[in-house]
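S.K.: The chain contents come next:
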Amino acid sequence: MIAFQFKNVSKSFQNLSVLKDLSFRIAKGELSYIIGRSGEGKSVSLRMMVGLLRPDSGEILFEGDDFLQFSSKELTKFRKSVGVLFQHSALFDSLSVFDNIVFPKKEHSQRLWKTDARWLRAEAENILEIIGLKGTMDSMPQDLSVGERHRVALGRALITKPAILFYDEPTTGLDPIYAKKIDELIIQTKEKDPNLTAVVVSHDIHAAMRYGDHIIMLKNGSTYFQGAPDEFQNSTDTYIKQFLGGHWF
Amino acid sequence: MPSTATPSLSLVRSVTKLANSCYLRCHSLVSHIGGFIVYSSEIFYHALHKPLRVYETIQQMEFVGYQSMMIISVAAYFTGAVFSLQVGEVISIFDAQSLIGAITCDALANALAPIITGFLVAGRIGSSMTAEIVSMKSKEQIDALKVMGVHPISYLVIPRVFACLFTVPCLTVFFFLFGSIGAFTVSTFVFFVDAGLFLEYAILKVNWDDISLMLGKSLVVGWTVGTLSCYFGLRAKTGNHGIGQATVLSVATTFIMIMILDSLITFIETIIL
Ligand SMILES: Nc1ncnc2c1ncn2[C@@H]1O[C@H](COP(=O)(O)OP(=O)(O)OP(=O)(O)O)[C@@H](O)[C@H]1O
Ligand SMILES: [Mg+2]
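Chain order of the listed sequences is Z and Y.
Oh and the first sequence: position 29 is 29 in the working numbering, straight run, nothing missing.
Oh and the second sequence: position 144 is 144 in the working numbering, straight run, nothing missing.
So that you can see chain Y by itself, here it is in the shape it has in the complex (with noise of 0.2 Å):
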């Protein structure tokens, strides 16, 4: 008998597993969003009472933008010159080269710059938002604002989500800016349009709907990256394990998100609109 009952418990077995893992993992679901419901409206409350961070949200605006700064530029200029690249390979074909510009413009304005504005800054600030909360925690920081009367989402988490939520629009405007002279770039000195022609188009096709579109797209970014780096630091276990494992759920939510939100957004503007 032990030969057909091994298989068939090694099977119960991996299931049993299987189910726990799973119950295991919506658990955990069930209770980060309860913990974001219960989280978003400290923030609100907050966001409406005294004290009015002001100075600390100057600060995180100045470590925001500032440390992005570069990396949106550069980051910016190459996708706008590579895609433009494609994009004028493509319609070449037709002959078309002088629509480089509003294309590449557009696609810049209505999907490029918010999402990859968020990525960059949930990649270099939300990380080390993240990273920055859980170490206070781990040492106790967090412990003595609470006993000092001070409480952490007014301290720690307003001024980092407005920071997030006034700069990060700043920064897609930046990379539009410099993705467009990244097309520029290549459609005059690969494909020979005429600088004027360049201009013309793309303003032509990028009209306020897009710019708004993109502002409106950016706010929710800076929401989203603000808002969650700081929930999985407050969320997170203390310890160097704990600073890794929030780190790296706090940017991969973030991505995730932006993405679910820019989809929502795009669909609610195409469709509904």
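Bound-form chain Z, shown alone (with noise of 0.2 Å):
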């Protein structure tokens, strides 16, 4: 089944055109790889994606539903179901770690008095657990390492459990150990939860090969290649051979 559809999407800022008749398909229970050089609109498809940004012209269908006709009702529905790691963390600075991990969890719940911190601090915990950041619970966003600070934003997003997550890169500028331990965290939770659909904006080719189920290059905001990894890695296009080689740059 498919998850979501963009047909003919365009999209221009001022005079720049950034996305042009843009199509393309995401799977659900996929982890799909959406990739392209810097300003290519990765950040841009995926911002429409979940509402932020609407196109010019074109289509945006979410299960086979008209996205950009949803009520403001049904897209808060639809945003209590998804999870974003935005590409500079995004986590509010005058909140704790906790606070940060817990806030969704808190602003969804019927509860009259939030506040209330224990009901919440288990669930915490095991997510801290999972990105590997026990005991940081009472830091600040400011005094962590950028990585840390993407796991944290990472933890932010899994917390409710969300049925469809989307990254935008979240390991550019990441050293290689911690862009593998974010890795990892995107791959056992795809493991864990085997019908969550996955988006992932990156730069990284490699990871996109190794990890995912479908890959979406675009290229002069239209979309250059889509298909499964073996396809990309067997084509014979040179531009795609030379994003491969890393001569893209």
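Since the hints were made in silico from the structure, they are not lab data.
Don't take each hint at face value.
What the hints assert, rightly or not - The calculated lysine-lysine pairs, modelled on DSBU-like cross-linking and capped at a C-alpha distance of 30 Å, are:
| hint | chain 1 | residue 1 | chain 2 | residue 2 |
| --- | --- | --- | --- | --- |
| 1 | Z | LYS106 | Y | LYS50 |
| 2 | Z | LYS106 | Y | LYS17 |
| 3 | Y | LYS146 | Z | LYS106 |
Two chains, two frames, some hints: make the complex.
M.R.: Right, here's the structure in full:
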């Protein structure tokens, strides 16, 4: 079953045309990678999938329904079922690691007195164990390294047990060890819940080849390649070969 | 021919430039007014719907109230003192120094306390609220709120607006009291007015109508500071340049709006009621 489908989506900012007739699909329960050079519109596409941006033209379908026609109630309901890891973590500076992690859980809960932390403590501890940051519960985000902040943001995305997870460049700017840890977390999360749909926006073609079920490659704002990692690997296209060889900068 | 064509051409250019800049300013003003109306209706909507932001509002009240207490008391004391010095100098010509308390306290309650408290809170707290929201916007934190299904108005604006709404009246009363103490000091130690007389005339002149006018004005001031500071934060362009621009715009607009609304309330109160 298809989770997301983009049909001829275009988007411009002032005079800059970013997406041009972009079409692709993301299947339910798959780990899809969206790759491409910097500035190709990967983050823009991801922001469209969570309703932060609207295309100028084209269609976006979510499970067959017109996503662009969602009412604000439907959009909120959809958003409560997804988790997003932003490119720059987007942790709240004024909240501790604990408060950041339990934030969505608290917000989605119907309890009136949300400050009672006891009922959330166990869940936060569990998440911190998963992301390997035990003992940082009371630290502030600015006291953590970039990689640790990324993991906390991942913890915040995981705590609500989302049906769809979006990662915007989860490993960019990290050293290889941290990058590997994040990649492992992405895989672990996916393995734990086979129904989880995950969309990773990345520059890391090797991670995409190793872990991805589906690869979407953008070039000049439209889909250049879409298919399985094997097809990608065996492609004879020069641009893809350059990309694979790392000569695409 | 070129000698006559050049000046007229440059004149046309300047006029076009002026017209263009006027158009852009009007456009921006209209878009801000429209935006603010939508934004205000969203505030009302979220204020009347769950979740109640009790904890966040108390946190913000602590920020608004506690952080402004010191500056308000110092400013109030000296405002009261300087005002009564000036008044005392004039009315001592008529040998009416005993009225210093009445005149100063009346001016404090009806005009000075709400306006100056508003200015101080806008400069001290409003500006930092705007800067904080722009910084959150730059770091994708507002987008993060949205994708977690949390409306930024509900989480960021409601607690700040209500904190200002509850705290500014308290700070205004505070300003009034400290201003009166300043006036009392000058009246007693500079003009040697009897303390009992000072109090008697002050209480005689400042009645419940004045106090309720002061509180009414301070509620409007609190609402103005809270809503405008957050509005300019949410509307700002991101980045460091955006923070500076938004803060200046927010404080300047808040000052002007406080003056306009204060004049309007005074006008309604004195002419119509
Ligand atoms: N809100 C916006 N306003 C104006 N321009 C924008 C906006 N968002 C994105 N852009 C522009 O759109 C283009 C694509 O941006 P996007 O962030 O999607 O790139 P990307 O593929 O994610 O790149 P990177 O790998 O560097 O993150 C860029 O040139 C960017 O400047
Ligand atoms: Mg990006």
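S.K.: Now look at each hint and say whether the structure bears it out.
M.R.: So, going through the hints one by one against the coordinates:
1. Using a Cα cut-off of 30 Å, the hinted pair LYS106 (chain Z) and LYS50 (chain Y) holds, with the two alpha carbons roughly 13 Å apart.
2. About 53 Å separates the Cα atoms of LYS106 (chain Z) and LYS17 (chain Y), which puts this hinted pair outside 30 Å; it is violated.
3. A C-alpha spacing of about 15 Å is found between LYS146 (chain Y) and LYS106 (chain Z), which places the hinted pair at or below 30 Å, so the restraint holds.
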